[in-house]
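Asks: In terms of the numbering used here, the sequence shown opens at residue 46 and continues consecutively.
Hint data in this document are derived by calculation from the structure and do not stem from the laboratory.
Computed beta-carbon distance windows for the label pairs: (1) 103 to 231: 17 to 23 Å; (2) 90 to 195: 18 to 24 Å; (3) 197 to 230: 14 to 20 Å.
Just so we're clear, the structure is a prediction, and the values are computed from it rather than from any experiment.
Beta carbons are placed, not taken as given, at the ideal position from N, Cα and C, and that holds for glycine.
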Amino acid sequence: MTRRLSPDIESELSQRELQLLVHASRGLTDQAIAIELGISLATIATYWGRIRIKLGPLNRTELVAKYLDYKAKDEIETLQNEVEVLRNQLENSGREDTGLLIALNKMPRSIIILAPDTTVVYVNEATCKWMGYSPDEMVGNSILDFYPEGRHEILMPWMEELFANPDHPTLGANRTAYTRHRDGSIVTIYGDAVVYDTPAGKRMMWITTLSQPTLPPPA
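Put together the whole structure using the sequences plus the hints.
Replies: What follows is the structure, given as structure tokens:
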């Protein structure tokens with residue numbers, strides 16, 4: 046049985062193990078982490094093994110997601126409450142009305158509205174600020190254009206399942222993702238999503254917040 050993260054996860058993990066999780070949460074590969082920390086890939090594998098002993102038999106992606114969920118527990122609860130409010134507003138309006146989009150534009154959270162084919166339909170100011178692009182550069186293009194190489198196979202199945210089963214209780218919740226900033230850096234985000242109907246077809250609203258875990262001091 047997988048263990049739940051305890052409130053004092055930092056005390057359970059060594060500094061080096063925490064460094065590994067933080068770098069992984071920022072989108073670094075094991076090879077890049079090994080170079081960053083000045084250790085071998087074999088040592089990286091050993092640390093992952095130790096982390097699994099302490100946190101449960103999860104794969105790399107699941108371990109990173111659990112760590113980010115732990116770090117962002119309060120943020121995630123706030124996000125879920127905000128998504129529920131937006132869900133009600135969307136159900137009542139039944140469309141992407143101008144007033145609602147103006148309100149979304151001023152929200153401090155990143156708001157991205159996607160079509161089923163991954164086309165970006167709308168982004169708010171926070172999204173543009175975090176990612177370094179203007180609305181004109183994002184709207185009309187695929188969200189995959191703003192994802193790092195190798196991450197597409199994670200996003201696509203999730204989106205397809207969410208559009209197919211919008212009422213599924215576990216879809217969208219606490220979803221960790223990695224987007225690419227204009228400068229090439231990886232931006233780690235997490236959030237929740239809701240699918241709703243419009244005259245133009247189904248849309249997915251993705252409300253997210255930034256995740257920037259702090260690196261522990263060198264071991």
